[in-house]
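Engineer: Residue numbers (the numbering used here), protein chains in the order written: chain A, 11 to 192; chain B, 161 to 358; chain C, 157 to 569; chain D, -6 to 335; chain E, 10 to 173.
Just so you know, these hints were derived from the structure itself, not from any lab.
In this text the structure is predicted, and so the values were computed from the model without any measurement.
A few of these clues could be false.
Said to hold, decoys possible - Distance ranges between label pairs, derived from CB positions:
(1) Ile283/D with Ile26/A: 52 to 62 Å
(2) Ser354/B with Leu154/A: 39 to 49 Å
(3) Phe89/E with Glu266/C: 16 to 26 Å
(4) Pro101/A with Glu264/B: 35 to 45 Å
(5) Ser354/B with Thr483/C: 47 to 57 Å
(6) Ser354/B with Lys157/E: 47 to 57 Å
(7) Gln159/A with Ile160/E: 55 to 65 Å
(8) Tyr185/C with Ile334/D: 52 to 62 Å
(9) Lys157/E with Leu154/A: 34 to 44 Å
(10) Gly343/C with Pro21/A: 36 to 46 Å
(11) Gln158/A with Arg323/B: 24 to 34 Å
By construction, the Cβ of each residue, glycine as well, lies at the ideal position given by its N, Cα and C atoms.
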Amino acid sequence: MPVEFAEKTVPPGRGIFKRFKGNIEAIAIGVKYFFDPKRSTLIYPKEYIKLRENYRGFIVLNAKKCINCGSCARICPAAAMKLIRRPYTDPKTGKTRMKLWPVINYNRCIFCGYCVDVCPTEALHHVNYHDVVFDNMEEMDQTLESFQQAPEHPTAKEGIPVRYIIDEEKGLVKVRVEGGEQ
Amino acid sequence: MSGESPEGRAYVGNINVSARRARKLLLGDLKLGKLVDWGTAFSLWPVHLTTSCCGCEFAAAWSPRFDNEQHGALPWIGPRQTNMIIIEGTVSKKMACALRLVWEQMPQPKFAIAMGACALDGGIFYNSYNIVRPWQVVPVDVYIPGCPPRPESVARAIIELQRKMRKKQIASKFVEEGWRPDKEYVMPKEDLCSWWRG
Amino acid sequence: MSGIVRGNVGFNDLKIPGMWSRKIGKDLYEVFIGPQHPGSGHMRIIIRIDGDIIVEAEPDMGYVHRTMEKLSEGRAWIKAIPLFERMAIHDACNVTLPYVRAVEKLLGIEAPLRAKYLRVLLCEINRIAAFLYGFGIFGVFLGHSTMYMWPFGDREVWVELAEWLTGARLTHTYPVFGGVRRDVPEGFTDSLRKAIRYMRRRLEDYRKIFVDNPVIRARLEDVGVIPRNLAIELGITGPNLRASGVRYDVRKNHPYEVYDELDFEIPVFQEGDAYARVHQRVQEILQSLRILEQVADWLDKHPREPVMHERFWKTAPPLYKKIFQETGRVKLGAVMAIMKIPQGKAYERGETARGEISYYVESDGGNKPYRIRIHSASARNALVYKYIVPGHRVMDLPAIYGSIDYFPPEADR
Amino acid sequence: MSPIISDIIKIIIWPPLWQLIVLGLLLPLGVVVFIIWFERKTAARVQRRIGPYHVSPRIAGGLQLVADLMRYMFQEIIIPKTVDVAPFIMAPLIALILSILPVVAMPFTSNASYFPIGMRYSLIVALALITLSPIFVIVAGWASNNKFSLIGGMREAYLITAYELIVMVSFLSASAATGSFDLVKIVEAQAGGKWLGLLNPLALLAALIGVLLSTSGFPFEIPESEHEVVAGAYTEYSGLVYGINMGAAYLKRMVYSILIALVFLGGWRPYTPGPGFVSGYLIPSIVVFIKATILMMIFSFLRAVYGRYRLDQALDIAWKYIFPLAVAGFGLSLALAYLGIY
Amino acid sequence: MEPQEVVDLVRRVLGDMVRDVKIWKGNDYIEVEIDASSIREAAARMKEAGFDHVKDVTAVDYMKEGRFRIIYNLSSYNNFDLSYYIVGLAYDIPRDKPETVSLADIYTSAEFQEREVYEGFGIIFKGHPDLKPLLLSPPVAEQKPLRKDFIVREEPEIKVEKKR
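Chain A extracted, bound-state conformation:
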């Protein structure tokens, strides 16, 4: 492939006529969008975006699948995933041993998804929402129990789910999708 650089110059724009035309064009396009804005604004608490299944939202632990390997804590770039020592009773043998379980701290978590991708047994998974806020920082430091269920999703109770699809004319177009609790 030959190297291509294209020499270009800025189109001329001086002169009364060009300036007049520029003004008219600018106002005309403003008027055009004033009458036909083609907007796709999310009216937020009344509607919420139903994110795709592969979205990297909050992380949930499935303790049944966890093999306590600690890979997730080792790869976590933000040191948000930590291992804690907790007794574990094996259902088959009935023996109780101390094992290392992962817990996450959302004060730190950067939602890179390394832990989910490195987990050899798919014990971790993302939930597809992210719009949760907290009043204090203690709530965000998960315990082993709270790590096994995702934080409560407030918008799902208040609004209707929508999804954006890409359109040639309008850019993003809002469409209603199934789901939501209302």
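We have chain A; now place chains B, C, D and E onto it with these hints.
Structural biologist: Just chains B, C, D and E now, with coordinates in the frame of chain A:
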């Protein structure tokens, strides 16, 4: 305009006394507290202090798709005219002083939202030698996790703050009982701004 | 634009257009612009003005300095990818790709062809989104609020595509050593083509309301002229460099991934003023769209195949391969976290939306980098404030700032 | 009707009171509230978003301004230690009063019994009063003792030199055409569709641009240009005082719009005022206000389309292009008068 | 242009100032080691030879060996063939006496980067027009954070659970 005068002897020109009296009249006697809370809740103007890269999502939160102006929040230029600060991500030691100065320049009642993991516990920069935790610099009301949080999360934080304000009547309490005390600051200003010039 | 001096002369011999020399007296007025200031973002420019003319300008950077170089020295190699991504989160793939490639160079591996195409795909999506981001900031600096909103609205199209591809809006952490983390989902290329056609249409609207708007032209023409020689001398980069007439783009001069197989051209403008930089970015968006079309065609023609290098994919358990076939998600091996990289040095460059980013990576054979030096596009462009801004009027400062497309977190690292 | 009630009504519609309180204060304030809402919604619409909404979803966020006002009312008013307190507080208040004051010279009807203050030189008086308020912007900037405020105030001072003359010459071209300084006579001369704005578009254009320059509307929003001088002269103001500043700026634009409606757009024409309060006063004033509001809406719309010029470019345009335009408009008016159209 | 040709060019330009030349992996990074005393002369010659700007300036702290290595990575904008390569002009200075000369007057593009090296490693560039910290605030810059003896601690992976 002239210094302190004993209560009840407000003469023309003493703004402090007149303001206190007006406050008492409007909030104590006329019970306008709820109106104040309502007005403040729907007029949370965040000051334009971009501390770090969450500013991208902060900007996107006011873009046509998410448009947080629908909640009455309008990013504004100078700190004097605003009443909210959204700390967008990491606060470096150099920026911490600016953050505190901006916070001090804002008129009461004022609120702070910490946005992003870096603004909570450092995020991926948790062991960096050049950052501070924003809650050490200013008192934070709502925390948004994520790196960066989605624009909806910013809207959710504003809604949460509005709800808190109207439920607990924060704004009118501030107005009635005086302002948020300074002792809530974790880090004193001398630690932050010893080197500041400007 | 006849004032541009060409030829091989040093910086001191250059006659800088607009440079207004006057002996600095006592009556200068010092203004601190930033860090809380919409006209500067998270940096500070200290200007000294005489009347309405800036006599001295001094950028005061570092308000977002998060010590990435030092932090990377204490962490495993793979943990540095999300770390460096935070430099420019809206341009994430472009920023991290050279680091990933530098480490791959040290490992002596190369990503599979499909992974290369996917990297280029996300790079170009990021590039367009970053250009639109720059346009938005530029628009608001000139007081043109519509030009803030429109590009930010249209940027959401590309962010939506990137989110669909990678699972995150901005911080994709998409390229990893040996490949990428996701394959394209079903129906992605159709939406991509729609987005390309939509973007072409919208650029015409931008032309009408912003680029050809007489007010904007008046503000930008002959403002912040960077002559060719000065541009080279200051080592500025990216669209700013090419708008000054230098034929340099890492995608052409040092082709990486599959850029040497794709058909595109690099526009070069001669004027070197702020207005040329706007046109430069518009043209580059068009070229990125052209690249994306070719990538979409390639992806349609080729079936799904592993997007991870043999070295990491060979040992993957069947579960991993099943997940990849079903969802396109690549599971990472546990080895990633403890991997040791052979001793050596590597230097890798990449073209981000704002220009060239370079990584100097040195390994002592351990599982952590010995020294990584990053020099990003915005850091290169920061010299412009010191050498170009003096001589202009105060109101030109936002115009120059916006046209340089300076992004402080990227500059401060 | 008992005599007391009729007395009260008489007092209410007593022209000076009606003029000052209702037309001079309440209606402009209402229009300003509407215009700020309209400005935000227009900008939002052109920018493909919805603007204020959740504060009152049923009326498309119409209460947004009330919420903002409530916040401003109860916000702390910071008076920095370094400011000169008396001018710092007084400047916005005087600017506000001076912004509305020109209304006393503006008739809204030809019915002589409803004139606020009958005078033969009402156009001159109105223009003179209008041009006083910028002085207090400079005072505010100076008293703030802030670098950005000072620069903002100085920019206003620069611009005064540019727009004052344009505004004067273009408005006085109406006097040249109609041979009178009396606004009533100017409006009455435009009866029968002979609107000065139509016959003399040059003067109208010059006046519009002059008003944009003087009220710092886009594309000439230079004194408060937020990306260099934060909020211009108002940088240090907070709370209610800042609200007053902003309100004064909009009121000034409102007053200018009324003046343009009277001078160039036929005032209360095509309606012919009759006797009595309703037809002699109420309807003509509403016609004038509708015209002024439409002008305000056009000014607001420009915010969505334009950026802002540089200071020297604005001065350049004002002196090199718009001032000659205004002079040409004046000449055209003389020609119209010579031809005997008025 | 082959990497060997670039090496030849560098050897021709710098003559016997060159101590050692290494072509690193990827065949596009060429490290040229020279004497600390001849750096200004070498830089001036390299600039005339077509390496017209500095890609980056950095230092590496070899604490065990007691030296800093300062590297000026040069490249070209004008010359298409040269622009494929990065030539690292490297020299060592002793760790206990971190002083060297500035190239900011030869390469303007190095000006800010030398300030960055100064604040990170405490290396003093003599003759620099404005040597002061660029990114860090003065109290932090005094700690010379990029040196290897300044250690930022990583947190352990195992969390000691608090009693709740």
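Engineer: Going through the numbered hints above, which ones does this structure break? Give me the numbers in ascending order.
Structural biologist: Hints 1, 4, 6 and 7 contradicted; others consistent.
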